[in-house]
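Going down the list, the sequences are from chains Z and S. For the first sequence, position 98 (counting from the first letter as 1) is numbered 98 according to our numbering, and the numbering increases by one without interruption. With the second sequence counted from 1, adding 269 to any position gets you our numbering.
Simulated from the structure, these hints should not be mistaken for lab results. Certain hints may be false.
Here are the simulated BS3-like pairs of lysine-lysine, each with C-alpha atoms no more than 27 Å apart in a straight line [to be verified]: (1) S:461 to S:536; (2) S:536 to Z:11; (3) Z:13 to S:536.
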Amino acid sequence: MPFWTFFGLQKGKATTPWPRRDQATGQEGVFGMPRFEPERCAPECSECAAICPTTAITVQPGRNGKDRLAVDYGRCVVCQLCVEACPADAAHASFDWAFGVRDRTQLILSDDVAAIDESPKERQSQDGFRRSLHIRHVDAGSCNGCESELQALNNPFYNLHRLGIFFTPSPRFADLLLVTGPVTYAMHEPLRRAYEAMPAPRWVMAVGTCAVSGGVAGGGYACGNGLEGVLPVDVYLPGCPPNPAAIIEALLMFLGRIPQKVKGGRVVS
Amino acid sequence: MTALAESALTAVETIPIEPENLPAAVGELLRGGGRMQMAYAWYSAPGRPELRYIGSRGQKEDFFMWRCVPRGGAVPSVTPISPLLGWYEREIADLFGIEFLGHPEPKRLVLHEGVRSIAPPFDPAYPIDTPLPFEPAESGLPEIEGPDVQRLPFGPVRADVVESVELIFLYVGERILHFHPQLFFKHRGMEKRFEGRSLAHCALLAERVSGVGSFAHALAFCQAVEQAAGLTVPPRARMLRSLLAELERLYNHLHYFGHLAHTTTLKVGEAEGKLLEERAKQINGRLAGSRFLRGLLIPGGLRRDLDPTPWLSGELERMREEIAVYLAMLENTNSHLDRLMTTGILAHEVAFDQGATGPIQRASGFDRDLRRDHPYAAYGELPLVVPVMTAGDAHARAQVRAAEVDASVALIQRILLLLKDGPVRVECSPPAYSEGLGWAESPRGSLFYAVHIAADGTPSRVKIKSPSFSNWRVFPFTVHDTNMMDYAINEASFGLTVAGCDR
Numbered sequence: 001m002p003f004w005t006f007f008g009l010q011k012g013k014a015t016t017p018w019p020r021r022d023q024a025t026g027q028e029g030v031f032g033m034p035r036f037e038p039e040r041c042a043p044e045c046s047e048c049a050a051i052c053p054t055t056a057i058t059v060q061p062g063r064n065g066k067d068r069l070a071v072d073y074g075r076c077v078v079c080q081l082c083v084e085a086c087p088a089d090a091a092h093a094s095f096d097w098a099f100g101v102r103d104r105t106q107l108i109l110s111d112d113v114a115a116i117d118e119s120p121k122e123r124q125s126q127d128g129f130r131r132s133l134h135i136r137h138v139d140a141g142s143c144n145g146c147e148s149e150l151q152a153l154n155n156p157f158y159n160l161h162r163l164g165i166f167f168t169p170s171p172r173f174a175d176l177l178l179v180t181g182p183v184t185y186a187m188h189e190p191l192r193r194a195y196e197a198m199p200a201p202r203w204v205m206a207v208g209t210c211a212v213s214g215g216v217a218g219g220g221y222a223c224g225n226g227l228e229g230v231l232p233v234d235v236y237l238p239g240c241p242p243n244p245a246a247i248i249e250a251l252l253m254f255l256g257r258i259p260q261k262v263k264g265g266r267v268v269s
Numbered sequence: 270m271t272a273l274a275e276s277a278l279t280a281v282e283t284i285p286i287e288p289e290n291l292p293a294a295v296g297e298l299l300r301g302g303g304r305m306q307m308a309y310a311w312y313s314a315p316g317r318p319e320l321r322y323i324g325s326r327g328q329k330e331d332f333f334m335w336r337c338v339p340r341g342g343a344v345p346s347v348t349p350i351s352p353l354l355g356w357y358e359r360e361i362a363d364l365f366g367i368e369f370l371g372h373p374e375p376k377r378l379v380l381h382e383g384v385r386s387i388a389p390p391f392d393p394a395y396p397i398d399t400p401l402p403f404e405p406a407e408s409g410l411p412e413i414e415g416p417d418v419q420r421l422p423f424g425p426v427r428a429d430v431v432e433s434v435e436l437i438f439l440y441v442g443e444r445i446l447h448f449h450p451q452l453f454f455k456h457r458g459m460e461k462r463f464e465g466r467s468l469a470h471c472a473l474l475a476e477r478v479s480g481v482g483s484f485a486h487a488l489a490f491c492q493a494v495e496q497a498a499g500l501t502v503p504p505r506a507r508m509l510r511s512l513l514a515e516l517e518r519l520y521n522h523l524h525y526f527g528h529l530a531h532t533t534t535l536k537v538g539e540a541e542g543k544l545l546e547e548r549a550k551q552i553n554g555r556l557a558g559s560r561f562l563r564g565l566l567i568p569g570g571l572r573r574d575l576d577p578t579p580w581l582s583g584e585l586e587r588m589r590e591e592i593a594v595y596l597a598m599l600e601n602t603n604s605h606l607d608r609l610m611t612t613g614i615l616a617h618e619v620a621f622d623q624g625a626t627g628p629i630q631r632a633s634g635f636d637r638d639l640r641r642d643h644p645y646a647a648y649g650e651l652p653l654v655v656p657v658m659t660a661g662d663a664h665a666r667a668q669v670r671a672a673e674v675d676a677s678v679a680l681i682q683r684i685l686l687l688l689k690d691g692p693v694r695v696e697c698s699p700p701a702y703s704e705g706l707g708w709a710e711s712p713r714g715s716l717f718y719a720v721h722i723a724a725d726g727t728p729s730r731v732k733i734k735s736p737s738f739s740n741w742r743v744f745p746f747t748v749h750d751t752n753m754m755d756y757a758i759n760e761a762s763f764g765l766t767v768a769g770c771d772r
């Protein structure tokens with residue numbers, strides 16, 4: 001149908017220049033992980049911990065005997081209940097969704113970012129894959145939210161191909177196994193087989209809070225707690241679901257093309 | 270508020286029935302022009318399972334429920350009379366251990382073959398939060414006779430970024446003899462996760478049952494709880510709920526056209542559909558802080574007010590024009606239409622018997638839509654267009670959705686004109702031992718939540734009936750005796766999700 005060709009030409013380029021230049025990510029107004037200022041916490045208050053649906057927030061005894069807020073963003077489902085519950089203005093909604101990290105501990109809120117060691121994994125580079133990365137996706141029991149955003153990566157707005165990153169049908173051609181979902185009992189074996197079918201070097205990325213820690217579905221009679229204890233994970237990206245720009249940032253970070261934004265649970269750059 | 274809008278909040282009538290009277294009662298209902306909707310089980314007291322059968326006596330008649338206590342752990346199966354109940358009965362057998370005497374397919378459904386559990390997972394004897402013991406095993410398929418018949422198992426890990434399901438084809442050459450979708454790889458036991466959780470947490474769980482139906486799921490859950498509490502949410506909340514539900518339909522249907530064009534290899538058509546979907550999702554993000562409209566619903570209304578004026582109306586009007594051009598171009602593309610027409614025909618009778626829902630049944634000649642027939646949110650006050658086609662093929666399914674896109678945008682614009690200031694939330698605490706049934710016409714069809722409240726005000730049982738559970742049961746009837754080349758197009762024309770079905 002020739003009119004489709006004209007239509008396409010007439011429409012022009014729909015793809016965002018981001019992240020090459022400081023351009024629109026397409027995520028205007030989309031909430032990310034909540035920010036915390038524990039120094040503002042009211043004494044003896046644990047409202048946010050009580051309302052958190054995934055125990056991402058807990059109150060733990062600190063070094064000086066005072067209770068202190070502990071936040072594990074790897075468990076956060078971005079529900080904003082803590083922001084609504086906080087009586088002391090210590091929890092704020094934010095647009096910090098670019099939460100991809102190499103080391104699980106970087107998702108845990110820490111008071112002292114400077115003291116955090118860069119893990120050895122962080123210096124390891126994926127040279128040779130920087131502009132040609134092939135991904136095999138496995139849905140290990142997601143709600144389809146993560147799949148919807150992964151499918152969006154190849155729409156004209158994000159156009160993942162332009163960055164030299166491709167989805168491949170066969171694990172035999174894949175460098176990176178991208179896993180979503182809390183890993184159900186029935187998907188455990190197919191997931192393990194897909195990983196074993198991949199040639200070395202091979203890496204694993206946990207996309208979405210379910211794959212990182214189980215999320216709201218984890219546990220129970222049918223689910224595991226994400227990839228914990230199932231496969232070795234090289235990149236963690238919590239979010240419920242992570243938006244397409246967050247997935248792209250995590251992939252580019254993994255390839256060493258942009259720096260990791262999150263250290264000690266805080267956005268540093 | 271009109272009387273229609275309130276009807277969703279009146280309690281559902283429950284009628285006790287003896288197990289032996291079930292088949293006759295179902296037969297009588299069907300002969301009288303009624304319809305069975307679904308069935309589920311729950312424990313009315315420890316060790317006392319009770320079955321619920323939901324139906325309606327006519328199109329706009331209120332839903333009713335039969336309650337039935339099995340005798341000696343068994344009841345007669347009504348599947349031979351109302352085939353759409355076949356999957357519900359098998360699910361109850363898997364999860365509650367109740368036997369359905371005379372079931373035509375007495376096989377596992379929700380739990381895979383190879384699960385070796387001491388008790389069914391919903392039985393109080395099942396140890397809480399213990400993973401099911403499982404050894405993968407073959408699922409029962411028809412015996413293959415002829416030497417030329419081949420078996421193609423495809424999945425559960427399939428090509429492309431798709432959900433996990435194993436598609437098994439028995440075929441000769443191009444011809445599919447038999448098709449079996451092995452679902453429930455993604456069964457997460459979501460219904461069990463609701464038990465004992467606060468209502469705010471349950472709303473979050475409902476949003477995460479099916480990601481692309483987040484809003485409809487949470488809405489049906491909230492309405493079930495509100496019915497149990499016997500309360501009406503404020504007018505502004507009802508209007509905003511309808512607005513958000515239509516925004517969900519919009520991005521889902523746009524995705525549908527992009528994906529359908531992908532299967533007919535219409536590249537620019539695919540790109541345009543997916544770009545329009547992206548724009549609809551970006552509107553969601555800007556309006557609600559979530560591209561999937563999550564984090565807004567709570568029993569009693571909305572968690573926070575939204576300000577969709579003045580920008581949303583202009584944005585949608587620009588999109589409406591582009592969508593109209595796009596859909597008209599698809600309808601003028603012969604190569605696209607050639608692949609859709611006569612593909613995957615779903616006969617009117619099969620659609621009724623097997624329980625097709627949403628755009629699928631409307632494309633096979635059924636004029637049914639929960640928004641109009643059983644109004645909820647603000648739909649009782651809004652003019653609603655329900656497109657119906659009769660061909661029952663992939664093209665009819667696409668035409669129904671195309672008309673629904675147009676109707677959704679018109680509905681949103683109407684809501685924006687009618688929207689008045691006011692509160693968006695009232696306190697909602699359902700009394701102990703109350704129950705409610707909530708529903709929504711999600712983009713894929715009818716969605717039901719049945720909620721039973723325990724003494725402490727939290728749910729003791731939540732049953733979820735997603736539209737894809739109904740439509741996956743119907744889908745194979747359009748695949749048997751067709752050819753391989755049509756399969757992907759037919760599947761795309763159904764627009765199924767696996768997460769909602771598997772739960």
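Hints, verified against the model:
1. S:461 to S:536: Since the Cα atoms of residue 461 of chain S and residue 536 of chain S sit roughly 43 Å apart, the hinted pair is violated (cutoff 27 Å).
2. S:536 to Z:11: Distance of about 14 Å is within 27 Å: holds.
3. Z:13 to S:536: holds (15 Å)
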